[in-house]
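The lines below spell out each chain.
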Amino acid sequence: MTDLRPAPEVDDQPAIPVPDATFGVCDWLRWAWRQLTSMRIALILLFLLALGSVPGSMLPQEGTNAAGVAQYYKSHPTLAPLLNHLGMFNVFGAPWFAAIYLLLFASLVGCVVPRTFKLAGSARTLPPRAPRNIGRLPHSATYATSLPPGPALEVSAGMLGGHGFRMRHSGDGERWISAEKGYLREAGNLLFHLSLLGILVSIALGGLFGYKADKLLVAGATFTDTQSDLDEIYPGRLVTDSDFAPFSIKLDSFSASYVQSGPQLGQPSAFNADVSYTTSPGAPVKTDDIQVNSPLSIDGAKVYLIGHGYAPIFKVTSASGQPEYNQAQPFIAGTSGDFLSQGVVKVPDATPEGLGFSGVFVPTAAVSPDGTLESVFPAAANPRVSLIAYGGNLGMNSGPTQSVYELDMAGLKQLAAQPHVLSQGQTWKLPDGKGSITFVGYQQWASFAITHDPGQLPALICGMGALGGLLLSFLVRRRRVFVRVAAAPSGSGSVVRFGGLARTDASGGFEAEFASLAAELRAAHEQQAPQQETGD
Amino acid sequence: MPVNLALGHVSTDFLIAALMIYSLAVLAFAGDFAFGRPKRGAEASRTQVRARAGALATVGASGSPSADSGTAGGGDASVPTSMPPVPLSPLRAIMAAGPWVRAGMALSSAGVLAHAIAVVTRGLAVHRAPWGNMYEFITALTCFAAIFFLWVMVRYRAWALGVFVMGAVVVILGLAETLIYTAAGTLVPALQSYWLSIHVTAMTVATGVFFVAAALGVIYLVVDRYNRRVAAGKAQGGNGIIARLPSLEQLDRLAYRTVVFGFPVWTFGVIAGAIWADEAWGRYWGWDPVETWAFITWVVYAAFLHARATAGWRGRRAHYVQILGFVTLAFNIMVVQVFITGMHSYAGVG
Numbered sequence: 106m107t108d109l110r111p112a113p114e115v116d117d118q119p120a121i122p123v124p125d126a127t128f129g130v131c132d133w134l135r136w137a138w139r140q141l142t143s144m145r146i147a148l149i150l151l152f153l154l155a156l157g158s159v160p161g162s163m164l165p166q167e168g169t170n171a172a173g174v175a176q177y178y179k180s181h182p183t184l185a186p187l188l189n190h191l192g193m194f195n196v197f198g199a200p201w202f203a204a205i206y207l208l209l210f211a212s213l214v215g216c217v218v219p220r221t222f223k224l225a226g227s228a229r230t231l232p233p234r235a236p237r238n239i240g241r242l243p244h245s246a247t248y249a250t251s252l253p254p255g256p257a258l259e260v261s262a263g264m265l266g267g268h269g270f271r272m273r274h275s276g277d278g279e280r281w282i283s284a285e286k287g288y289l290r291e292a293g294n295l296l297f298h299l300s301l302l303g304i305l306v307s308i309a310l311g312g313l314f315g316y317k318a319d320k321l322l323v324a325g326a327t328f329t330d331t332q333s334d335l336d337e338i339y340p341g342r343l344v345t346d347s348d349f350a351p352f353s354i355k356l357d358s359f360s361a362s363y364v365q366s367g368p369q370l371g372q373p374s375a376f377n378a379d380v381s382y383t384t385s386p387g388a389p390v391k392t393d394d395i396q397v398n399s400p401l402s403i404d405g406a407k408v409y410l411i412g413h414g415y416a417p418i419f420k421v422t423s424a425s426g427q428p429e430y431n432q433a434q435p436f437i438a439g440t441s442g443d444f445l446s447q448g449v450v451k452v453p454d455a456t457p458e459g460l461g462f463s464g465v466f467v468p469t470a471a472v473s474p475d476g477t478l479e480s481v482f483p484a485a486a487n488p489r490v491s492l493i494a495y496g497g498n499l500g501m502n503s504g505p506t507q508s509v510y511e512l513d514m515a516g517l518k519q520l521a522a523q524p525h526v527l528s529q530g531q532t533w534k535l536p537d538g539k540g541s542i543t544f545v546g547y548q549q550w551a552s553f554a555i556t557h558d559p560g561q562l563p564a565l566i567c568g569m570g571a572l573g574g575l576l577l578s579f580l581v582r583r584r585r586v587f588v589r590v591a592a593a594p595s596g597s598g599s600v601v602r603f604g605g606l607a608r609t610d611a612s613g614g615f616e617a618e619f620a621s622l623a624a625e626l627r628a629a630h631e632q633q634a635p636q637q638e639t640g641d
Numbered sequence: 004m005p006v007n008l009a010l011g012h013v014s015t016d017f018l019i020a021a022l023m024i025y026s027l028a029v030l031a032f033a034g035d036f037a038f039g040r041p042k043r044g045a046e047a048s049r050t051q052v053r054a055r056a057g058a059l060a061t062v063g064a065s066g067s068p069s070a071d072s073g074t075a076g077g078g079d080a081s082v083p084t085s086m087p088p089v090p091l092s093p094l095r096a097i098m099a100a101g102p103w104v105r106a107g108m109a110l111s112s113a114g115v116l117a118h119a120i121a122v123v124t125r126g127l128a129v130h131r132a133p134w135g136n137m138y139e140f141i142t143a144l145t146c147f148a149a150i151f152f153l154w155v156m157v158r159y160r161a162w163a164l165g166v167f168v169m170g171a172v173v174v175i176l177g178l179a180e181t182l183i184y185t186a187a188g189t190l191v192p193a194l195q196s197y198w199l200s201i202h203v204t205a206m207t208v209a210t211g212v213f214f215v216a217a218a219l220g221v222i223y224l225v226v227d228r229y230n231r232r233v234a235a236g237k238a239q240g241g242n243g244i245i246a247r248l249p250s251l252e253q254l255d256r257l258a259y260r261t262v263v264f265g266f267p268v269w270t271f272g273v274i275a276g277a278i279w280a281d282e283a284w285g286r287y288w289g290w291d292p293v294e295t296w297a298f299i300t301w302v303v304y305a306a307f308l309h310a311r312a313t314a315g316w317r318g319r320r321a322h323y324v325q326i327l328g329f330v331t332l333a334f335n336i337m338v339v340q341v342f343i344t345g346m347h348s349y350a351g352v353g
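Going line by line, the protein sequences match chains Y and P. In terms of the numbering used here, the first sequence has 340 at position 235, counting the first letter as 1, and numbering is strictly consecutive. In terms of the numbering used here, the second sequence has 58 at position 55, counting the first letter as 1, and numbering is strictly consecutive.
Quick caveat, the hints were computed from the structure, so don't treat them as lab data. Any given hint could be a false lead.
[As the list claims (entries may be wrong)] If you only want the chain Y side, here are some residues facing chain P, beta carbon under 7 angstroms, derived:
{"#": "1", "residue": "141"}
{"#": "2", "residue": "145"}
{"#": "3", "residue": "148"}
{"#": "4", "residue": "206"}
{"#": "5", "residue": "246"}
{"#": "6", "residue": "329"}
{"#": "7", "residue": "572"}
Positions of the beta carbon are idealized from the N, C-alpha and C atoms, including for glycine.
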């Protein structure tokens, strides 16, 4: 008996031949391809993909948490190099991870392409002949009507056609109709899988032609979106200088608000970075308020507020009274939320010797019972700095480029045994007449991420396509119904047998649909029947 | 706008009321197990079986249970008519299921109502979608799970599952209430976005749905194990509890359809999250630990959907996969969001 069910889902492929000694290169290739495109291998690859992602969430990753990786190296000196060798600190860029998803997508293509042809084919071929015994179908109905068989079949065809079923009619001598509906199900399935491929391509597009950069700006400062003016740049492989938009942004002011009381004391409630910007040199200046969830779109790039902190302003004078340094220096806060921030001040040209300070900025200072300075609130209500002074050679004219947040201690000597605490406006005269440092005040700084990702829109479109395809493949059911009309045994009127089945019914409901179709068919027959009845 | 503390207390009171009513509902469902009419177990399998039986009866040309003699059309009276059965209305089905089920359903509905009021008043108290921290998230997701499960129970007449699924809801809600209660408060700037309502709503709904699917999967495995033990002669057949549960085939179909409902919602939630991440953090996907685990969950449920179409993976193995999917989801909520530092560290626990 022919299979009446609509096109099989995926699995019912013929068995893959077992390799044996007679296998040539082509046989082996065909065997490997068929293995790869089998559902079983796709399943295994899916599991591998899930399993392979786990270390990426458990171990610090270079892309998102470089400091965490460095910390891991310190605490696990023997294990870390081994893990690094396995790509465990860059899982999602690792060759083995790429191998899993590329194999998965190859498997997907090998599965999807033949199905596309199959769908195109089945859209052109007619449904199979109606079965002889409709009562054996999962859903069926039988009733008698006074319509003669010919008109009864015509009424049935009209009703099924009105519901958009594709029909196949019997030839002479038999009276049946096969009808099928729900081709969109397969189409949705294909759309879903192709959209996943599209997302992969979009990500690759962003990786090749996009860039991401960071910039820290103290209030009042300006930057231009050029490779030389940005702090850190992560360009795509095919990014050139001309891909950077020629805009510039000035941070006019930054403000952070915090919850002032209650159990959430000190939790931030709003961040606002007021900026003025120009899209190109000489263009009119516009202003914007960049917030965490409200980036600035500018010339194909987006500027995000990603961090903030304090930049205490120091004035340093040499022993002779000559001012050597007067600027705001960004300090970096830890993760504790109290904005206890650390940083350094470098004055290499002070006389008689270079001066360096490592300091802690405390926005709202309080002295703890054990006598240490602590921060009790993240806003700068009572700012203090605690400084340790060093004299000597800061090593800035030789050796590798220094971080602006660290001192090179090699040529430095501590000038005073104890750290010195200053409040706003206070000056510390350094021992041995080495000069002085004044804590003038503070500025706030904000850090921005500048990104340009040409794969963004394609990825969004593909994401929507995937979702749409998924819904189609779950909500649409591929189903077939059959009508057979026979002359009634008594000689007048006919017997209608109506049956149906759904190959896949993911979200359920064919049973109810069939019941309503059957009721509608019967009603259609009964509506036509009275004219016949009068003739009886 | 400041937090409305009085409304926050109203929310907490309703939640405690919901918890108590749910507990009574679980007792009622348990009472159905203990004292209800046992024959109803078969009634739940009404759906396809009866339709097929009717059809077969027609083929046999003898009297059929749902037969009526076709007279209206003036057709041949000697031809027995069989039409597919029209399902009983939900309310009548509940009434027909016995006093314990009636009590369980009434209490569950009242509990869901109180639960929903608790969630809504919490949202009104804090002027935002009420799922900004772990406590609120679990409160909301159990509410969605309870609503969805009530629908499943009515839709498929699966009364016998009430005690298990509502029992799990009570346990989780009770733990949330006692262990991670968080007073109503404002959100950090990163969460102040309308995407909170879209992304987290989808994730919350999908989690509630997957929770129901996992509960059905566990029941499937229990019944399957019992059946295999009986077949192997290691256990005696005729266990009263098992007999009342839906058949393996029905449990399988119920769980599958539940996942089919949850999977697109989860997919939508992940996409909405990606759009929000692009708006807030400057990239739509960054392998943040929570993103990674949402991806893992998605992949595992995708594997479940494929496993059902793969020879050798249907049935028990597929349900292991599905339950594994929920384990990855629960791990994400309870471990990754709480203990692993990432950009999603908003749980506010501890």
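List, from low to high, the hint numbers that the structure doesn't satisfy.
1, 4, 6
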